[in-house]
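2 protein chains.
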Amino acid sequence: MCPALDHYTRQFLPAVEAEIKAILESDHPSYKVYYGMMHYHLGWVDAGLGSESGTAGKRIRPLICLLVCDAASGNWEQAVPAAAAIELLHNFSLIHDDIEDGSRTRRGRKTVWELWGVPQAINAGDSMFSSAYAALARVADRGVAAETTVDSLQVFAQACVQLTKGQHLDMRYETQVSVDVEQYLQMIAGKTAALISATSEIGAIIASSEPEKRRHFAEFGRNVGLAFQAHDDVLGIWGNETTVGKSTVSDILTRKKTLPVVYGLAQSSELRDLYAGAQLDVQRAVDLLEAAGAKDYAMAAVDRYSEAAMAHLAKAHPAGPAGDALRKLTTQLVKRQS
Amino acid sequence: MCPALDHYTRQFLPAVEAEIKAILESDHPSYKVYYGMMHYHLGWVDAGLGSESGTAGKRIRPLICLLVCDAASGNWEQAVPAAAAIELLHNFSLIHDDIEDGSRTRRGRKTVWELWGVPQAINAGDSMFSSAYAALARVADRGVAAETTVDSLQVFAQACVQLTKGQHLDMRYETQVSVDVEQYLQMIAGKTAALISATSEIGAIIASSEPEKRRHFAEFGRNVGLAFQAHDDVLGIWGNETTVGKSTVSDILTRKKTLPVVYGLAQSSELRDLYAGAQLDVQRAVDLLEAAGAKDYAMAAVDRYSEAAMAHLAKAHPAGPAGDALRKLTTQLVKRQS
Chain C
1 MCPALDHYTR
11 QFLPAVEAEI
21 KAILESDHPS
31 YKVYYGMMHY
41 HLGWVDAGLG
51 SESGTAGKRI
61 RPLICLLVCD
71 AASGNWEQAV
81 PAAAAIELLH
91 NFSLIHDDIE
101 DGSRTRRGRK
111 TVWELWGVPQ
121 AINAGDSMFS
131 SAYAALARVA
141 DRGVAAETTV
151 DSLQVFAQAC
161 VQLTKGQHLD
171 MRYETQVSVD
181 VEQYLQMIAG
191 KTAALISATS
201 EIGAIIASSE
211 PEKRRHFAEF
221 GRNVGLAFQA
231 HDDVLGIWGN
241 ETTVGKSTVS
251 DILTRKKTLP
261 VVYGLAQSSE
271 LRDLYAGAQL
281 DVQRAVDLLE
291 AAGAKDYAMA
301 AVDRYSEAAM
311 AHLAKAHPAG
321 PAGDALRKLT
331 TQLVKRQS
Chain E
339 MCPALDHYTR
349 QFLPAVEAEI
359 KAILESDHPS
369 YKVYYGMMHY
379 HLGWVDAGLG
389 SESGTAGKRI
399 RPLICLLVCD
409 AASGNWEQAV
419 PAAAAIELLH
429 NFSLIHDDIE
439 DGSRTRRGRK
449 TVWELWGVPQ
459 AINAGDSMFS
469 SAYAALARVA
479 DRGVAAETTV
489 DSLQVFAQAC
499 VQLTKGQHLD
509 MRYETQVSVD
519 VEQYLQMIAG
529 KTAALISATS
539 EIGAIIASSE
549 PEKRRHFAEF
559 GRNVGLAFQA
569 HDDVLGIWGN
579 ETTVGKSTVS
589 DILTRKKTLP
599 VVYGLAQSSE
609 LRDLYAGAQL
619 DVQRAVDLLE
629 AAGAKDYAMA
639 AVDRYSEAAM
649 AHLAKAHPAG
659 PAGDALRKLT
669 TQLVKRQS
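Top to bottom, those sequences are chains C and E. Just so we're aligned: 119 in my numbering is position 119 of the first sequence, and the numbers increase by one with no gaps anywhere. One rule links them: number in my numbering = place in the second sequence (from 1) + 338.
The hints are simulated quantities; they were obtained by calculation from the structure and are not laboratory data. Warning: the hint list may mix true and false statements.
[Stated by the list, open to error] Incomplete in silico selection of chain E near chain C, CB under 7 Å:
(1) 372
(2) 457
(3) 465
(4) 499
(5) 621
The model shown is predicted, which means the values in this text are computed figures rather than measured ones. Note that beta-carbon positions come from the ideal geometry of N, C-alpha and C, so glycine has one too.
Sequences are here, hints too, so could you generate the full structure?
Below, the structure is given as structure tokens:
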């Protein structure tokens, strides 16, 4: 329990959700399905576009943006459209990832492409991407200076480029036999860390932080992202299926180049032989990974990135209870559930 | 021949191409294919990513942006990153359109998805989309005021939203039996006109035009877009295959709801019966369209939109030879080749 984090979450997330709803409000009956697909993906309506709600995401990224803005002594309400933009961008990437990976379910429900087909789902992702920038442009309506808006745009646009670079590598690595730890880090730096770094940095930009503070908040976010991804990789193999919400054998079966696997492949020739074969015995793979110390290696990486995140956060001198909430959130994101 | 248009084309387009090349320059060997797919689509390299060049697009949209900026007494060099952004956005939409339509060729070469598969092609489109905003953010480096950059961002982001709305309707209409002219116009307003309107308006914004002038340039672009699309629809049925570059039966065979078809379906019950059937006799459809006056109707629409474009252009009081070039370009875009 962290009273500060709970308090902020209850205050911030409804504001972000209201902003996203305003951006994605249908303005003509012709666009009912256009907006409906996005509303469905965000967990607001069921597949028939009725009012029954599904499970929304955790909205961690917008929460970080607003916490950083507050902790940097900014007016968090000015950052709400940017926080909404980050969440929309994240969800655009999920809609396209699901098509690219052929995933039929997400958060216990059918994916957008499974319900509306690949062509409309590609376009639904593009719509969400477009809406993200439309959201970002709305910070100008909240009294954010034009120079600050342009700074935020530059950081946001670069994060988008990094995101697609990471996704490109992730897909290539699936069929690439040899991937080393450095290549893995390059991939997750784009796929996961760039957006969390951007959300933190934009929170600091809108709070008009000086460059050094802004840099520490960006590095805080980047390290949170790296820790989060490495931890997610561990949960993908050793997590509790109920808690994790997805099968703990799929990462092995699809030969995903996660951190424990990349490390294990470098250590164990038996694991390399196993991965080179046509059939992959999941239990044998897990045993070999454990024997190679891959789980310990990955968890040590999680600890290292978490500590780096905390160190940058401290150097950014976060003010008041929002600083406590950021520390608590970081710990929660990487707490051991395995 | 229009000496002014030729002169501007030779001056502007290499500057745009250089800007796009700078944005899409690979910064690490890992991203050779990431950038290579985009370079291939833009016609710079062959499928093996060698230096042999394919056929690039006509780059009409960036040309309009820079001509308008010049005609509105702005410094066209300041608008080059915005013009590059528009061209990148247009090309992102083509990469995704090709996947959505299942098109295997474009400009006589294999499409990106045909060469690299759907997952990587979706991501290549997303990369191009991301690069478009990275390009737009670069106007700040050319001395464009932050307020002007934010104005451009707002117009650009709304054009993206409109683009995806138009694409959504276009795909829905393929399987929808009845589409009326009003619905058709709503679709092309998003799919084609919004981006040409935005490129013209952003040219005027960067030239610091007053709101009334800016509005006329936006309306000029919108009407050019509508005329261009209606004309393209006519060419899709009655054009010369060699000139048009695609089969003149495919629009009929795929039952595309183009302007002549939408009009013809409203006029002719025989055509409606033909379109309701499982098999579609192309020659019979063309005969019925002609008998219903669908070609004349569509060409009259082309003329009407062209005249509206010219009227708005006149009211925007374009200065010097760039104004002549804009008039010439408009005429060229909709000149009869059928």
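Consistency of the hints with the structure:
no.	hint	verdict
1	372	5 Å, holds
2	457	4 Å, holds
3	465	4 Å, holds
4	499	5 Å, holds
5	621	29 Å, violated
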